[in-house]
Amino acid sequence: MILWLLTTGILISGILAIWFGYRQPQGKFYLFKPLTMILIILIPVLGNVGFSLIKALILAGLLFSLLGDILLMLPGDRFLAGLAAFLIAHLFYIAGFGIDQGALVFWPVLPVFGLTALTGWFLKDGMEGMRIPAYTYMGVISVMVWLSWSRWISGGEINHLLALCGAGLFMVSDLILAINRFKKEIKAARALDLLTYYTGQWLIALSVIGLDGLR
Numbered sequence: 055m056i057l058w059l060l061t062t063g064i065l066i067s068g069i070l071a072i073w074f075g076y077r078q079p080q081g082k083f084y085l086f087k088p089l090t091m092i093l094i095i096l097i098p099v100l101g102n103v104g105f106s107l108i109k110a111l112i113l114a115g116l117l118f119s120l121l122g123d124i125l126l127m128l129p130g131d132r133f134l135a136g137l138a139a140f141l142i143a144h145l146f147y148i149a150g151f152g153i154d155q156g157a158l159v160f161w162p163v164l165p166v167f168g169l170t171a172l173t174g175w176f177l178k179d180g181m182e183g184m185r186i187p188a189y190t191y192m193g194v195i196s197v198m199v200w201l202s203w204s205r206w207i208s209g210g211e212i213n214h215l216l217a218l219c220g221a222g223l224f225m226v227s228d229l230i231l232a233i234n235r236f237k238k239e240i241k242a243a244r245a246l247d248l249l250t251y252y253t254g255q256w257l258i259a260l261s262v263i264g265l266d267g268l269r
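For the sequence shown, the positions run 55 to 269 when my numbering is used.
One thing to keep in mind: the hints can contain errors.
Taking lysine-lysine and the DSS-like style, the derived pairs with C-alpha atoms no more than 27 angstroms apart in a straight line are [to be verified]:
#, residue 1, residue 2
1, Lys178, Lys109
2, Lys237, Lys178
3, Lys82, Lys178
4, Lys241, Lys109
Have a look at the derived ranges for each label pair, beta carbon to beta carbon [stated by the list, open to error]:
#, residue 1, residue 2, range
5, Ala242, Pro165, 23 to 29 angstroms
6, Pro187, Ile92, 24 to 30 angstroms
7, Ala243, Val163, 38 to 44 angstroms
8, Val103, Arg235, 35 to 41 angstroms
9, Lys241, Ile92, 35 to 41 angstroms
10, Ile207, Lys82, 16 to 22 angstroms
11, Ala110, Leu134, 26 to 32 angstroms
Honestly, the hints are just simulated from the structure, not real lab data. For glycine and all other residues, C-beta sits at the position ideal for the given N, C-alpha and C.
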């Protein structure tokens, strides 16, 4: 029951974060944006599964994601600091998905890295001075999506599918953010970014406990 309440709280807090993200002053946005991630973090913490290495790694990834959110809200341009925090989060996700792998499946590398290469080419003109950190980050998140895809193909369990969907939505969220920053400002970018980001993180958190954990 408590996890259903958490999920309801995540939905409400996420909607409020999106709503207040378009309002001035931004004080309430700065409250609900990290609050939504804190509620997501509580899912594996309070879920009905014991300690495991994969749970610890995913939790670490969620915590570094929260740190990235906070850094991006601080005064000044903290983009690189936030990017570094999210990159570390992805490394923890990669470790978590990697230790739970069956046989590695390599064909998903083609669509995942193909999309990454196309995105990098599309955004390159706006990345002046930021290409090395941006391309590094894009490569890391691509590995994360690939491993989650490979894990689902080789394992076929529902929690693997939840993680794959979460990783994919996280990648979409970052794509929206990158287009808005490096190519063209999009009015709906914040709403689309937060919607895909929160849903992706919720699914990754849920993958630790599985759907049964919500009962």
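For the pair alanine 110 and leucine 134, does the Cβ-Cβ distance stay inside 26 to 32 angstroms? holds, 27 angstroms
Please check whether alanine 242 and proline 165 have a Cβ separation lying inside 23 to 29 angstroms. Holds: the Cβ-Cβ distance is about 26 angstroms, inside 23 to 29 angstroms.
Range first: 35 to 41 angstroms. Now tell me if the beta carbons of valine 103 and arginine 235 are that far apart. Holds, since valine 103 and arginine 235 (Cβ atoms, about 37 angstroms apart) stay within the stated range.
Are the Cα positions of lysine 178 and lysine 109 separated by 27 angstroms at most? Measuring from Cα to Cα gives roughly 36 angstroms; hence the hint is violated.
Given the range 16 to 22 angstroms, decide if the beta-carbon distance of isoleucine 207 to lysine 82 lies inside it. violated, 42 angstroms
For the pair supplied as a hint, lysine 82 and lysine 178, is the alpha-carbon distance within the 27 angstroms limit? Violated. Lysine 82 to lysine 178 sits at ~34 angstroms, over the 27 angstroms cutoff.
Can you confirm whether the C-alpha distance between lysine 237 and lysine 178 stays at or below 27 angstroms? holds, 9 angstroms
Quick check: does the Cβ-Cβ distance between alanine 243 and valine 163 fall within 38 to 44 angstroms? Between alanine 243 and valine 163, where Cβ atoms are some 28 angstroms apart, the hint is violated.
Consistency of beta-carbon spacing, isoleucine 92 to lysine 241, with hint 35 to 41 angstroms: This hint is violated: roughly 28 angstroms between Cβ atoms.
Assuming the hint says 24 to 30 angstroms, is it satisfied by the Cβ distance from proline 187 to isoleucine 92 or not? holds, 27 angstroms
Straight-line alpha-carbon gap lysine 241 to lysine 109, limit 27 angstroms: violated, 37 angstroms
Figure legend: structure checked against the earlier numbered hints; hints not met, in rising order: 1, 3, 4, 7, 9 and 10.
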